[in-house]
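Engineer: Spelled out, the chains give:
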Amino acid sequence: MAQIIVNNVQKVFKTPGKDVIALKDINLEIKAGEFVCLLGPSGCGKSTLLNAVAGFALPSAGEITVEGKKITGPGPDRGMVFQEYALFPWMTVAQNIAFGLEIQKKEKAEIDLTVNQLLDLLHLNDFRDRFPKDLSGGMRQRVAIARVLALDSPIMLMDEPFGALDALTRRNLQDELLRIWEKLGKTILFVTHSIEESIYLADRIVVMTYRPGTVKRDQVVDMPRPRDPSSAAFNDLKRELGRLVMEEQQRHADAELKLAAID
Amino acid sequence: MKNLKDFLHGALVPVLLLILWEAGSRFGLFSEVLLPSPTAVAAKWWAYLLPMQPQEAGQSYLAWLISGELLHDAYSSLFRVIAGFVIGAGLALPLGLLMGASPRTYDLFNPLMQILRPIPPIAYIPLAILWFGLGNPPSFFLIAIGAFFPVLMNTIAGVRQVDGIFLRAARNLGVGQWTMFTRVILPAATPYILAGVRIGIGTAFIVVIVSEMIAVNDGLGFRILEAREFMWSDKIIAGMITIGLLGLFIDSAVSRLNNHLLRWHRGLEH
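Keeping their order, the protein sequence lines are chains A and B. Residue numbers for the first sequence follow our numbering, so the first one is 1 and each next one is one higher. Residue numbers for the second sequence follow our numbering, so the first one is 1 and each next one is one higher.
Where hints are given, some of them may not hold.
[Said to hold, decoys possible] Covered stretches of chain B (chain A as the covering partner; in silico rule of three or more C-beta atoms under 8 Å from a C-beta of chain A): (1) 46-58; (2) 159-168; (3) 171-180.
[As the list claims (entries may be wrong)] Not close to chain B: a few residues of chain A, all C-beta gaps over 10 Å, as computed: (4) 60; (5) 66; (6) 113.
[What the hints assert, rightly or not] Cβ-to-Cβ under 10 Å is the rule here; a few derived chain A residues that face chain B: (7) 75; (8) 79; (9) 80; (10) 88; (11) 90; (12) 103; (13) 104; (14) 133; (15) 147; (16) 151.
The set of hints was computed from the structure by calculation and includes no laboratory data. No residue lacks a Cβ here, since even glycine has one placed at the ideal position from N, Cα and C.
For reference, chain A alone in the conformation it holds in the complex (with noise of 0.2 Å):
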């Protein structure tokens, strides 16, 4: 059976004047240590999805079971990366890696082991002691991902974790984030919107739609890791994606001007 089961999904959100229908209809398996990616234009739900898989904002109707498990709220089993790394600022960033099993009353012991190998598998070891504020864009991130790692949950989810950061670093992390993924193999929600990216990591891209949010494409990427973004294959399918992804990209500008002239 799927880790993740996403079965007639609905969200609704309701707004002064109209509701707007953010996913309909949404059916998705999971399998354990697969990489995922939700891959769509803003406004498609992608985001939505993500937040109803990690029990932030639970679906209007349908339901997502999680190991057969019905998702009523957030929880540790689902750990979360934001874009905006949402660091704990007044902690350092051992503290920021260790505050998960504090709250869970971990040994302090077991603690400080789990946070003295996440250090070192994701090279923060320099920076222990520093706050976030000293750190650039994409060491910050780092810290989200070993601080979701320090959980030991099976899933991770990912909110546009690159988004922010710059070409070199982004894929300096998606490098990294590969590695630890192999490694531990842990189940891998990834929200996107660069096509690219999904290509590069992904097992597997769900392509979704403007809203309504659906499934546009469902397509399974089998090539080799790591991928060479300059091959033949590569390209082929990023034209293919693109194409997708642009006809939902129309839809939402034009949606955009649409409201403009209303205004």
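Based on these hints, arrange chain B on the given structure of chain A.
Structural biologist: Just chain B, lined up with the frame of chain A:
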């Protein structure tokens, strides 16, 4: 030597003013009673600082050295500020945290707070004397009121401005309500709370001087009022200068505490 240059630059106007003032006094431009010369004020300040009695037998040298009137007054005022502030802020902090976090508590207390807040602490003086008599207690009461509202308002604002992303991240890590409060909301609100503390201490310091003019017989506020009775203008000014120095000392102490507690904060150099 940029620092020295800056210092000289900043000292220019005050020094010039002192020279004019001194010269004016020497040439008899100002009445010695109404505006004594700077040197006379300095001499008085020094006398005010030094011990009044000769060292007694059995008294340690240090105890004798700090037995002067000025140090006693400064200590009394500082004690009142701290005691009153601790009472006021100690009540404001938990109430502010509650009001910031719970809209229901906020709705319950906010109307009362908005009515009480504009009443200056000085307006409580008659009641303070009726309720608490003479001595320290009415001072504590007035200072506590002066410190209460800045700390309360800033704590409420601080809790309300906590970025939702921190709450989401914490919930994702499995944080319960109490831990959320103590380890996420409270630290996230600290910059606001400390800004309130700084304003509150400032208000407390104003109120202490006023409160000492009514019900006690020591402290810097009492001393300058007493000096007026005897037309000791030099002592009034010496007392005022001491108030300024004590205020500066308190503010830099709070600012140091700020820098330490907020060493993680983006806008601060350390």
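Engineer: Go check the region 46-58 of chain B versus chain A for me, would you? Three or more residues, Cβ under 8 Å, otherwise it fails.
Structural biologist: That given contact is violated, which follows from only 0 residues of the region 46-58 of chain B lying within Cβ reach (below 8 Å) of chain A.
Engineer: Against chain B, with CB atoms and a cut of 10 Å, does the hint on residue 79(A) hold up?
Structural biologist: The hint holds - residue 79(A) has a Cβ within 10 Å of chain B, the shortest such distance being about 7 Å.
Engineer: Have a go at the residue 133(A) hint: is there a Cβ in chain B nearer than 10 Å to its own Cβ?
Structural biologist: 5 Å, holds
Engineer: Grab the minimum C-beta distance from residue 103(A) to chain B and call the hint holds if it beats 10 Å, violated otherwise.
Structural biologist: Hint on residue 103(A): holds, closest Cβ of chain B at ~5 Å, below 10 Å.
Engineer: How does the region 171-180 of chain B fare against chain A when you require at least three residues with a CB closer than 8 Å, holds or violated?
Structural biologist: holds (count 7)
Engineer: Hey, does the residue 147(A) contact hint survive, CB to chain B under 10 Å?
Structural biologist: Since chain B brings a Cβ to about 7 Å from residue 147(A), closer than 10 Å, the hint holds.
Engineer: Does the claim that residue 66(A) lies off the interface hold, with its Cβ farther than 10 Å from every Cβ of chain B?
Structural biologist: 14 Å, holds
Engineer: Tell me if the interface restraint on residue 90(A) is satisfied: Cβ within less than 10 Å of some Cβ in chain B.
Structural biologist: This interface hint holds because 4 Å falls under the 10 Å limit.
Engineer: Could you check that no beta carbon of chain B comes within 10 Å of the beta carbon of residue 60(A)?
Structural biologist: 20 Å, holds
Engineer: Given a cut of 10 Å on the nearest C-beta pair, is the interface hint for residue 151(A) held or broken against chain B?
Structural biologist: The hint holds - residue 151(A) has a Cβ within 10 Å of chain B, the shortest such distance being about 7 Å.
Engineer: Check, residue by residue, whether the region 159-168 of chain B contains three or more positions whose beta-carbon lies closer than 8 Å to a beta-carbon of chain A, and give the verdict.
Structural biologist: holds (count 3)
Engineer: Does the nearest C-beta of chain B fall within a distance shorter than 10 Å of the C-beta of residue 80(A)?
Structural biologist: 5 Å, holds
Hint 1 from the list above is the single one not met by this structure.
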